[in-house]
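Trainee: One-letter residues, chain by chain:
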Amino acid sequence: MPDKVIEIHGLTKVYSMGEVEVRALAGVDLLVDEGEFIAVMGPSGSGKSTLMNILGCLDRPTAGTYKLDGIDVSTLDRDERAVIRNAKIGFVFQSFNLLARTSAVENVELPLIYGDLGWTRDERHKAAMEALHRVGLKGREHNHPSQLSGGQQQRVAIARALVTDPAMLLADEPTGNLDSRTSEEIMGIFQALNDSGKTVVLITHEPDIAQHAKRVVTVRDGVIQHDEKVEQLRVNVTGIAAPAAPVPVEATR
Amino acid sequence: MKSSVMRISNITLVGLRAIARNKMRSFLTALGIIIGVACVIAVVAIGNGATKSIENTINALGTNYIMLFPGATTSSGARTFTGNSNFTAEDADAIKAECPAVAYVSPFVRASAQVVAGELNWGTSVQGVGVDYPLIRSWNVAQGTFFSDQDVKSASKTCVLGNTVAENLFPDGQAVGQIVRIKNVPFKVVGVLEKKGGNMMGQDQDDVVIAPYTTVMKRLSGKTKIDMIQLSAASASQVQEAQNEVDAVLRQRHRIPPNGDSDFQMRSQEEIAQAQGQQATVLRMLLICIAAISLFVGGIGIMNIMLVSVTERTREIGIRMAIGAKGRHVLLQFLFEAVTLAIVGGGVGVGLGVAASLIIKRFLQWPIIVTPTSVALSFGVAAAVGIFFGFYPARKAARLDPIDALRYE
Chain A
1 MPDKVIEIHG
11 LTKVYSMGEV
21 EVRALAGVDL
31 LVDEGEFIAV
41 MGPSGSGKST
51 LMNILGCLDR
61 PTAGTYKLDG
71 IDVSTLDRDE
81 RAVIRNAKIG
91 FVFQSFNLLA
101 RTSAVENVEL
111 PLIYGDLGWT
121 RDERHKAAME
131 ALHRVGLKGR
141 EHNHPSQLSG
151 GQQQRVAIAR
161 ALVTDPAMLL
171 ADEPTGNLDS
181 RTSEEIMGIF
191 QALNDSGKTV
201 VLITHEPDIA
211 QHAKRVVTVR
221 DGVIQHDEKV
231 EQLRVNVTGI
241 AAPAAPVPVE
251 ATR
Chain B
1001 MKSSVMRISN
1011 ITLVGLRAIA
1021 RNKMRSFLTA
1031 LGIIIGVACV
1041 IAVVAIGNGA
1051 TKSIENTINA
1061 LGTNYIMLFP
1071 GATTSSGART
1081 FTGNSNFTAE
1091 DADAIKAECP
1101 AVAYVSPFVR
1111 ASAQVVAGEL
1121 NWGTSVQGVG
1131 VDYPLIRSWN
1141 VAQGTFFSDQ
1151 DVKSASKTCV
1161 LGNTVAENLF
1171 PDGQAVGQIV
1181 RIKNVPFKVV
1191 GVLEKKGGNM
1201 MGQDQDDVVI
1211 APYTTVMKRL
1221 SGKTKIDMIQ
1231 LSAASASQVQ
1241 EAQNEVDAVL
1251 RQRHRIPPNG
1261 DSDFQMRSQE
1271 EIAQAQGQQA
1281 TVLRMLLICI
1291 AAISLFVGGI
1301 GIMNIMLVSV
1311 TERTREIGIR
1321 MAIGAKGRHV
1331 LLQFLFEAVT
1341 LAIVGGGVGV
1351 GLGVAASLII
1361 KRFLQWPIIV
1371 TPTSVALSFG
1381 VAAAVGIFFG
1391 FYPARKAARL
1401 DPIDALRYE
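Chains as they are written, first to last, in this note's numbering: chain A, 1 to 253; chain B, 1001 to 1409.
Mixed in with the good hints, there may be bad ones.
[Said to hold, decoys possible] Label-pair ranges, simulated between beta-carbon atoms:
{"no.": "1", "chain 1": "B", "residue 1": "L1358", "chain 2": "A", "residue 2": "T120", "range": "52 to 62 Å"}
{"no.": "2", "chain 1": "A", "residue 1": "T120", "chain 2": "B", "residue 2": "F1027", "range": "48 to 58 Å"}
{"no.": "3", "chain 1": "A", "residue 1": "V20", "chain 2": "B", "residue 2": "F1027", "range": "27 to 37 Å"}
{"no.": "4", "chain 1": "B", "residue 1": "E1409", "chain 2": "A", "residue 2": "R78", "range": "19 to 29 Å"}
{"no.": "5", "chain 1": "B", "residue 1": "R1362", "chain 2": "A", "residue 2": "R78", "range": "54 to 64 Å"}
{"no.": "6", "chain 1": "B", "residue 1": "E1055", "chain 2": "A", "residue 2": "R78", "range": "57 to 67 Å"}
{"no.": "7", "chain 1": "A", "residue 1": "A100", "chain 2": "B", "residue 2": "I1359", "range": "35 to 45 Å"}
For the record, the hints were derived by calculation from the structure and aren't laboratory data. A virtual CB, placed ideally from N, CA and C, is assigned to each residue, including glycine.
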């Protein structure tokens, strides 16, 4: 039996806005195995974003437990969550969220700078270059985000998410700002990474995109409505390096 | 431990990159500190120079120097400071005769006059003194001789020229033996004094004609009282003793009752130095205030820009936090940026200030002293300003919520 990457039991999140209490999550249970490719779907206001924030250790649940890669993260404080985010989670955002006027490779190095790995500058640089090559960006390493297309920027973001070898990739509407052809390409990259064993959690509201996952979870009114394995829509992307040269694995503690 | 040291260096790297990305803004931010520090360096250098020249002129008075000048007079019970002298030449003689701790005594009278020599003329101050005067002021004659005791007794029409007067009236340097006319009275030049330079008020001490006080009183001013008495104690350790003796002699001669106020005042070289020193201290305090204010303003500039920077880079902060930056990392990053701006600004300011000081020294001929202390101090204060004013914006950045920061447009 594979290890559980995500183990969520009875997760609730209540926002109090003055006197009104908003129940964004009302008891969510979710188990995700290592190597899964799961899409979390739901319309806006469903609690999808709240779930994503908690999954990403950006926020804490009001009640319930959340174990990420075997670590109970539901009660950690700000700094402890920052360490977990750095070591266990690779974020990919809708709007890429790269640092402007900073080269691709420097952007990818960023998580390593905050990490606890004790790497030298050269080691960080080498790992960042390798991550960029894995997502097919050889030759673009020193371009700034403004010199890259949307798809290329998102690839840099994926490389940045990969570079610490996290327990999961957490992608929040990663194709929201991209045209359909580029969206396919990005999904292909996620599939290739998933094929090499990486756990991928995809947050989206587009059924077309969710189809690229192996399992689709639908959230509605703060609870999980559907949870089903689906037939994966495969995309083949050329130029994605085989996972033969994984980045050094020292990130886990 | 190794990794935490490395992480600090990583954070500094992050801060340096942020500064390099915004070169123009970084420069403008640092400008406040640059100007502040440059002003401090230059102004302190000028202040030090002024203090130094004051010290020099006071020391030039002679270490055992004591000056006697008129004080408050009591007339029908009303005490006023008239400035009118009631010293006589006999007072001076009595001091010399009766005070063992006093080495030299000279009366002092002053008149101003136009001095004419042939075709040339020069407006200057004429000082009437006794023969002890060069000894009291340790002021030697460069050419010729000083006038003699006999000249004083007979009120002879002889004089000694200060260097400036000699240069202006006798450009050929042949002053000794010539005749100058002061208020139409012909005086024979017997000597030229060595150059003494400016005094603490910036007056040229060499712009003077010195003649026997008897001659000046009789021929030029028509006064019967002398303006001041200058004297020197036999040794530095006897200055106080000399003052006590002089006080006793003069009170007796001026018939001042034991509990009455003296009609004269005395200042030793040390007391004058102390008074000037107090002025210098006031000046210094003023400069420190100016320095503090300018650095404060510079610091506010840094805080202002850092606050703008934090707001503008909210999203960047969110990204950094999402990928694992702790609050401490963000705090250090922004603090480091602020301190770097302040220190670089301080460094450039020191350079500018020193350059400005040298230019002032060169073109205005002011005595300027740049001390390592003032450089180190303003540099240190600049760094402290960076930490102080950088802390609030940095803490604001560090306390941002990553979710809100990521969503910030």
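Trainee: Now tell me, hint by hint, if it's right for this structure.
Mentor: Consistency of the hints with the structure:
no.: 1; hint: B/L1358 - A/T120: 52 to 62 Å; result: violated (45 Å)
no.: 2; hint: A/T120 - B/F1027: 48 to 58 Å; result: violated (32 Å)
no.: 3; hint: A/V20 - B/F1027: 27 to 37 Å; result: violated (49 Å)
no.: 4; hint: B/E1409 - A/R78: 19 to 29 Å; result: holds (23 Å)
no.: 5; hint: B/R1362 - A/R78: 54 to 64 Å; result: holds (58 Å)
no.: 6; hint: B/E1055 - A/R78: 57 to 67 Å; result: holds (60 Å)
no.: 7; hint: A/A100 - B/I1359: 35 to 45 Å; result: holds (42 Å)
When the structure is compared with the earlier hints, violations turn up for hints 1, 2, 3 and for no others.
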